[in-house]
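J.: Taken in sequence, the protein lines are chains A and B. Residue numbers for the first sequence follow numbering that gives the first Met the number 0, so the first one is 0 and each next one is one higher. Residue numbers for the second sequence follow numbering that gives the first Met the number 0, so the first one is 0 and each next one is one higher.
Don't read these hints as lab results, they were simulated from the structure. Hints are not guaranteed to be accurate.
Claimed, not checked - Where chain A lies over chain B, by a calculated footprint (3+ residues, C-beta under 8 Å):
1. 377-383
2. 474-480
Said to hold, decoys possible - From the structure, some residues in chain B lie toward chain A, with a derived Cβ separation under 7 Å:
3. Q469
4. R483
5. R505
6. A516
7. T519
Glycine included, C-beta positions come from ideal geometry on N, C-alpha and C.
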Amino acid sequence: MTIPPPPPIPDDRPPAAGVAAPAVEATDVREPARLELEPGVWHRISPKYVWVQVISSGSILLIVVAVMLVLTLVLHQWWAWIPGGILTLILVWTLAITPRQARSIGYRLREDDLVFRRGILWQRFVAVPYGRMQLIDITHGPLDRGFGIAQLKFVTAAATSGVTIPGLEQATAEALRDHLVVVAESRRTGL
Amino acid sequence: MIKDVTEDVTDDPNPSRATLTRSPLSDGEWHRLHPLTPVLRGGLVLVVVLGIVIANLRERLIYLFVPGLRPDIPEWDDEEWVTGDPVDWVIANNLYWLAVVFVLGLLVLLIAWYYLSWRFHTFRITGDQVEVRSGVLFRTQRRAPLDRVQGVNLTRPMIARLLGAAKLQVVGAGIDGNVKLEYLSTADAEAVRADILRLASGRTLDGTSAPSPSGRPRSAAIAETVTRGVTGLIEGDDSQHAEPESVVQIPAGRLVASHVLSGTTFFLIAAIVVTIVLLTRGVPWVLFGFVPMILGVGAYWFNSIVKSLRYSIAPTPDGVRITFGLFTTITEILPPGRIHAVEVSQPLLWRPAGWWRVRINRLSGRSVADTASATDPFTTVLPVGTHADVERVLGLILPALSPDERALIADAGARGTGPAGGFMTTPRRAWFIRPFRWRRNGFLLTPDALLMRRGAIWRSLTVLPLARLQSIGITQGPVDRAVRVANIHGHVVMGPVTAILGAIDRDAALALFGDLARGTVAAVAADRAHRWAAPDAEASGWENEADAPGLTDDADAPDGADAPIERGGDA
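Please work from the sequences and hints to get the whole structure.
T.: Below is the structure:
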């Protein structure tokens, strides 16, 4: 069986090309208890992901605020302040941390496995050997399409793996998918 | 389509096939199922219909045979259909002939349908796949590659056992990925199972041919299977093949006691007491709420005892053979390397008796509707056993473990606390995250398995074979961070065994994360479970790329394939 040479990963060009970003978050010296892997290149997701998230959470926030205002000011249902206020607080908080959260998402293509990380307060690292790939899903919603980004899901036989990389440039997502498929084929394993 | 069906199971006339390497059923030709299949599959429907008819005509039948019982009701009106009873109507209008023709016609149609569906239901076993075709109007065809076989089980319900027949199910890896052959005669089913497992193992099959059971007329074959079934039932021996000796004997008393010493029992007793108390206080409505629940739980309890009776586990050349069931017998052969996680656990009530339970995660190939662990009987490979039993069962289901490792699992792993045996446990500073078990809560990484030890009250030990580990995760929340600990997640296929270990020292967890990533890749590279018995040359002949991942990359893939990865990895 012949394996065509995989397309280069755009992010994977040498840093001189200016595409690949350095580490996601530099090791925080103030918090030595945080989880950090050995130093290496973490590929970051597109900054457009932040905009998509801000727009979607922002529109929900607007709807919540509007409903709350109508209920309280027009219909004089004063109790609506309580759930409305809680929801507003949560959404504002979500909006506020979105940029940082997006910065915390990253993946690394190591020799034998893909490492995925996300989360600031609740950190999560997952390492998946390439050979465990069952299939790769690329999805993009309407808003994602507008911004030209996509979400890539690496599916293994275990439901709990949960390697879902959001906010990839569409071209990157497709190149990454093709690359992963080729690499997985060369390291195929049993279940 | 029919012309493809060149041969039949029971009257295979071709002797040259019998001299081939396998039993005649797996010669790559199409075969039919057991001729009694329609009876067994449709039998239930017929019984139900008969039951309804008899229930409705009961009084009429009694009056027919015992006329004296007929009540002195006035004779029915000859002209009208007053009672609304169809039989009255038939009698009243003298439509006997029509009725008889109608019933007979229905029967003939039914029999013809079942016959056709039997004719159209064929299977074949070729060198690397099992294929089943079925359906009269809507044809379905299902193929399963043999190197993905997760197990083969034989189910013998009570009635089928009487008739000497069995259901065979080839367990695949996907959701709803099973191939069912219902029904085969017990001997054929055993032969087909042995063939499938041998072909799947990648062994070359020569000189293992069983004598062909063919050449007899079909009626004789039916008679023979029935006779064999009845004798087998009486003698208690289901298989004429020499059944391997079980390595674990569970006395019935222990089995019953283990179920009595369970949470369900206490729930049942509490529910009964509450019901009685409330009844004596004059609250009759509890009957509606509690009694059905008590009956349901009781039935579940009884069933689980009956199911575990006649449990046996034994090694065979094709894998581990596990048998369950008193009335409906289920036998499964699990080929090596199909077990994704093992859990040795001990409920608190079992501790004085020193009993343990062993459960596994595996791909059961069931549809989403019944993936619940309770419905796959083979998630429990040892319902209740002593410490020595656990060690023996572990030796069977995880043959890759060395005896030392097995002893370690059974001793330090299952029973121990603290760092004995090399376990890395929760640091003292994080005791409040796991207040009861922090001394016991820990992990140990061996060359081919990760052990996770948990639970001080409900002890459990999870063993994850690295060759089957899908991926690994490490998480840390704010509280964990404050005391420099982290949680380890092993991602395995769905099942009753969970593989999450909390509150491990942060540095140890990170080191484990790296070691696991390397260990998994190495274990996968050495793993050849999909063709477990193939000689090396043969194995590489079967699946070029798949067999030695990571090692043969230079040969298989152009150098360019790996270049970007390496750059990404160690930059």
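J.: With reference to the structure, classify each hint as holding or not holding.
T.: So, going through the hints one by one against the coordinates:
With 0 residues having a Cβ less than 8 Å from any Cβ of chain A, the segment 377-383 of chain B misses the three-residue criterion, and the hint is violated. Coverage of a stretch by a chain is defined here by at least three residues with a beta carbon nearer than 8 Å to that chain's beta carbons; for the segment 474-480 of chain B and chain A the count is 5, and the condition holds. Restraint check, B:Q469 versus chain A: the minimum CB separation of about 4 Å is within 7 Å; hint holds. At a threshold of 7 Å, the smallest CB-CB gap from B:R483 to chain A is about 4 Å, leaving the interface hint in force.
The interface hint given for B:R505 holds, since its Cβ lies 6 Å from the closest Cβ of chain A, which is under the 7 Å cut-off. Taken as an interface hint, B:A516 checks out: its beta carbon lies about 5 Å from the nearest beta carbon of chain A, inside 7 Å. Because the smallest distance between the Cβ of B:T519 and any Cβ of chain A comes to about 6 Å, under 7 Å, the interface hint for this residue holds.
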